[in-house]
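J.: Listed here are the chains, written in short residue letters.
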Amino acid sequence: KAGVTQTPRYLIKTRGQQVTLSCSPISGHRSVSWYQQTPGQGLQFLFEYFSETQRNKGNFPGRFSGRQFSNSRSEMNVSTLELGDSALYLCASSLDGHDNEQFFGPGTRLTVL
Amino acid sequence: AQSVTQPDIHITVSEGASLELRCNYSYGATPYLFWYVQSPGQGLQLLLKYFSGDTLVQGIKGFEAEFKRSQSSFNLRKPSVHWSDAAEYFCAVGAGTSSNTGKLIFGQGTTLQVKP
Numbered sequence: 005k006a007g008v009t010q011t012p013r014y015l016i017k018t019r020g021q022q023v024t025l026s027c028s029p030i031s032g033h034r035s036v037s038w039y040q041q042t043p044g045q046g047l048q049f050l051f052e053y054f055s056e057t058q059r060n061k062g063n064f065p066g067r068f069s070g071r072q073f074s075n076s077r078s079e080m081n082v083s084t085l086e087l088g089d090s091a092l093y094l095c096a097s098s099l100d101g102h103d104n105e106q107f108f109g110p111g112t113r114l115t116v117l
Numbered sequence: 029a030q031s032v033t034q035p036d037i038h039i040t041v042s043e044g045a046s047l048e049l050r051c052n053y054s055y056g057a058t059p060y061l062f063w064y065v066q067s068p069g070q071g072l073q074l075l076l077k078y079f080s081g082d083t084l085v086q087g088i089k090g091f092e093a094e095f096k097r098s099q100s101s102f103n104l105r106k107p108s109v110h111w112s113d114a115a116e117y118f119c120a121v122g123a124g125t126s127s128n129t130g131k132l133i134f135g136q137g138t139t140l141q142v143k144p
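Taken in sequence, the protein lines are chains A and B.
This note's numbering numbers the first residue of the first sequence as 5 and each following residue consecutively.
This note's numbering numbers the first residue of the second sequence as 29 and each following residue consecutively.
One or more of the hints may lead you astray.
Computed beta-carbon distance windows for the label pairs [said to hold, decoys possible]:
1. B:K143 <-> A:G32: 35 to 45 Å
2. B:G56 <-> A:D100: 15 to 25 Å
3. A:T9 <-> B:A45: 34 to 44 Å
4. A:K17 <-> B:K96: 43 to 53 Å
5. B:W111 <-> A:R19: 14 to 24 Å
6. A:L117 <-> B:G69: 14 to 24 Å
7. B:S67 <-> A:G66: 29 to 39 Å
8. A:S90 <-> B:S67: 14 to 24 Å
9. A:R67 <-> B:S42: 41 to 51 Å
10. A:D100 <-> B:S112: 42 to 52 Å
11. B:S67 <-> A:Q45: 17 to 27 Å
12. B:P35 <-> A:G44: 36 to 46 Å
13. B:S31 <-> A:R71: 21 to 31 Å
Among the chain B residues that face chain A by a calculated CB cut under 8 Å, a handful are [as the list claims (entries may be wrong)]:
14. Q70
15. G71
16. L72
17. L74
18. K77
19. V109
20. W111
21. N128
22. T129
23. G130
24. K131
25. F134
26. Q136
27. G137
Read the hints as simulated data drawn from the structure, not as lab findings.
If you're wondering where the values come from, they're calculated on a predicted model, not measured in any experiment.
Idealized CB from N, CA, C, for every residue including glycine.
Pulled out of the complex, with its shape left as it was, chain B reads as follows:
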């Protein structure tokens, strides 16, 4: 069965410091992978996605993520965090098969706190 694990429930970083949020997935074939961000009381905003090709993908707001098949990981990174990045981040996997349409499986989320 597909699953997504975000090992860190809560992370605190100082403003200007680098950030890496971890995501591990379980899926038999090449998955479709996503990172979403959610601010309090809001819906989810897509940061970036990986379908195929280059394993380093660039997203919005200066975020990037690297797909590592050997480690079943899709970690999110940002070189310099801004206070406005404080939010909850979700990693998700999609099946991309005709028998499993429209379904994303989400990790439990990582709450990012940014210290001034």
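Same shape as in the complex, but just chain A:
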């Protein structure tokens, strides 16, 4: 099976812009979770989607949003980018999210200038 894929791998934006990141889960996996990884805060949970519905959400401002499509692919969007949004954004998929065994993609490196 193909693993979790994320596009793009690298992205450079300026403050105030918005960005959309994409994640394709492992075939058959219906749960997709998103994480932000920074040197200062480590790995932090953003949100989880299952069957096109957001089931769980971390403590991030409303500028961070996401969605999931009927084929389980997911996108996350960050609006009004701030310098502090520079991070590695990781997507992970699992069968149904309940056992929490997650498989991670390579991430999207976002740099905000």
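Since chain A is already given, all that's left is putting chain B on it; use the hints.
T.: This is chain B only, laid out in the frame that chain A set:
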């Protein structure tokens, strides 16, 4: 609240030496526990997991971990380290409840350096 602590930020071992990375968690019930490894610029690879049953679990690449409920620990071990094991290692806990799906809480990570 759930939390994970990895007391060692950075560890250096000689190639061929044994390795133990520490992980302590805080969680009210029996947690789901994981160890992941991350190479520079890469995503996270699952090394092993503990859900229930035998407290000594075997993983990939020769790693094992032992769940000790009394100590709230889930330490990762390897008898003989290879230079390719140099990476960052993350311990994580999952709630496994219907109200907290898809969420892993990670420790701050331990960077492993391997000396030749």
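J.: Taking the numbered hints from earlier one at a time, note which ones the structure violates and give those numbers from smallest to largest.
T.: 5, 10, 12, 19, 20
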